[in-house]
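Number of protein chains: 2
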Amino acid sequence: MKKHNFSAGPCILPQEVLKQASDAILNFNNDNLSLIEISHRSKPFIEVMDKAIDLAKELLKIPKGYSVLFLQGGASMEFLMVPLNLMKINGKAAYTNTGVWAKKAIAEAKKLGDVIVLGDSSDTNYNYIKKGYKIPVDSDYFHCTSNNTIYGTQMKEFPMSPSLMVCDMSSDIFSRRIDVSKFDIIYAGAQKNMGPAGTTLVIVKDDILGKTGRDIPTMLDYNTHISKGSMFNTPPVFPIYVSMLNLQWLKNLGGVEAIEKLNQEKSDLLYSEIDRNPLFEGSAAKEDRSNMNVCFLLNDSSKEDKFNTLWNAAGISGIKGHRSVGGYRASMYNALPIESVEVLVDIMKNLEKN
Amino acid sequence: MKKHNFSAGPCILPQEVLKQASDAILNFNNDNLSLIEISHRSKPFIEVMDKAIDLAKELLKIPKGYSVLFLQGGASMEFLMVPLNLMKINGKAAYTNTGVWAKKAIAEAKKLGDVIVLGDSSDTNYNYIKKGYKIPVDSDYFHCTSNNTIYGTQMKEFPMSPSLMVCDMSSDIFSRRIDVSKFDIIYAGAQKNMGPAGTTLVIVKDDILGKTGRDIPTMLDYNTHISKGSMFNTPPVFPIYVSMLNLQWLKNLGGVEAIEKLNQEKSDLLYSEIDRNPLFEGSAAKEDRSNMNVCFLLNDSSKEDKFNTLWNAAGISGIKGHRSVGGYRASMYNALPIESVEVLVDIMKNLEKN
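Here the protein sequences come in this chain order: A and B. Using numbering that gives the first Met the number 0, the letters of the first sequence map in sequence onto residues 0 to 353. Using numbering that gives the first Met the number 0, the letters of the second sequence map in sequence onto residues 0 to 353.
Careful: at least some of the hints might be erroneous.
The list cannot tell twin chains apart, which means a pair is met if one copy fits it or any two copies do.
Stated by the list, open to error - Here are the simulated DSBU-like cross-link-like pairs (lysine-lysine), alpha carbons at most 35 Å apart as the crow flies:
no., residue 1, residue 2
1, Lys210, Lys305
2, Lys260, Lys102
3, Lys133, Lys260
4, Lys155, Lys260
5, Lys129, Lys102
6, Lys302, Lys129
7, Lys110, Lys87
Just so you know, these hints were derived from the structure itself, not from any lab. As the structure is a prediction and not an experimental result, all values here were calculated from the model.
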């Protein structure tokens, strides 16, 4: 029996995508060769790369003037590439501090210039999103994290930035509509709503690059990868292929608009139960609650064993909270069916009754 | 019918490895979850990572005092990481120039310090390996490329280095015995003899690090990845898993000693025919011929169409030479069975007869 997979990431992918990926490992494109033993410069793989880029552009309605890249190294490598490509020598940037990943991005940028920290919610272990801060007009760019998986918070609106606007959308890209034209760089590790671990999506506005005066190492220069269509060196073939399949699945489902509605339904269902059921309590501020990662606590610790036994028996996996927050975290990425959320909610109700 | 896959890389992998990888995409570890939708911090994946590291250590007889890392970005990222981690401020390094990849490594190192170029064979389009050069004693390190896929040349012996010894073994690691203790850093993109594209093996001697005085970006510092066991951020799960399977396949086969013999047999078979058959000619210097990539030319261009028709009809793929060399290139990585080489040799003989 397939599990109810609430893993925080790498996370659940659609069953039909897994089936197609499994088949391609044995025989790709009916060429009697595996996807992973052909040249990345062969026509069949170039088609995969082109299709992945086109699907990302279509699903996110990316305007002209932006490049879509599939890189390696995860968001952590982007923490370095963003300041290298955008921060002027002796320049400065403004960063929100909304969690441990934001903090790592800040630390990396600080090695290259001044960093103004805004919207710092570390005072309450990042359980809310600060608003109303003012981004200095002389910043080279403003950087924020749209969704914080560990704490279950999500930016519902983005501030107007007087400078370039950069966002780490690793954990909620493709889950809701966004206006790409308001951003200059968006990046995301694939392993939540896009695909398996091993590739990073970067959406970058072409005309912002090459203006810092820095000598950027070849592999860390976005222009290297733009000029070679993400094929400067051998790309991560399999992660890109599965991302392509997954974006095609999303398109067939009705695209980002359709999945946004489904994600809202799942989220409403679980948060309603958390708020209704006296045994449970959400740990993030209500107005900042993430639709991707639902963090909650069990108020009555004497019922913990019982609760754990129940969800384990129901085939639920991956809902243990992050060690820095405790409690539970139900991650409900795009591919998680609402039926899995219903199973969890039923268990929460049963725990209250008994 | 499975093809005779002579692809230069990503390249052929053993059929049983592909089968196991395909199965794991549907159901990994009998947990009713896909390999690519579980946490990289889950016990089953930590076991994969540990096993991949242990197999690399065992197969290459890596001595104590070395760390084995699985990183991202391919050899091209190592072209940057090596000088960042080893070149002192205002330091210098010695590099051999044996092909286009060596040249890219040199270009990257030059951004950080002085580079002395040794063993430069660009005068004859890199068709041989220069020997007898002297590595300056005041170099921070010496860098070489063990095998040059495009030109079909291979270093049969490594010079004694008075400084640290670094080698890019992307295209022949695990194909022959090497004495790891003579090297300080060995790196290799996975997509030849180790696994699929998307991860890079780095073998690094621990006590050489942290001595340059440089402030190294977090993701580019080998110590970051050593301290976190290649789990500083989400690793490329699938490429590492398939590498582990492939190294297990190699171990079952008898290890590096056994595959070295098989590779020698394949290589002897094809080079003998090239030297015997008046229609063909090898393009690399005989003493430097690679056992991995066999580059050869057809002397009689009027027979080109016939030859291409014959090998195509026999199910051979991937033997077109690189555009910078022309002719043909038969890449014979570990997983290529000798039967595939026999098919190619038979076609060469038939072409001569008719």
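Numbered hints the structure breaks, given as an ascending list: 1
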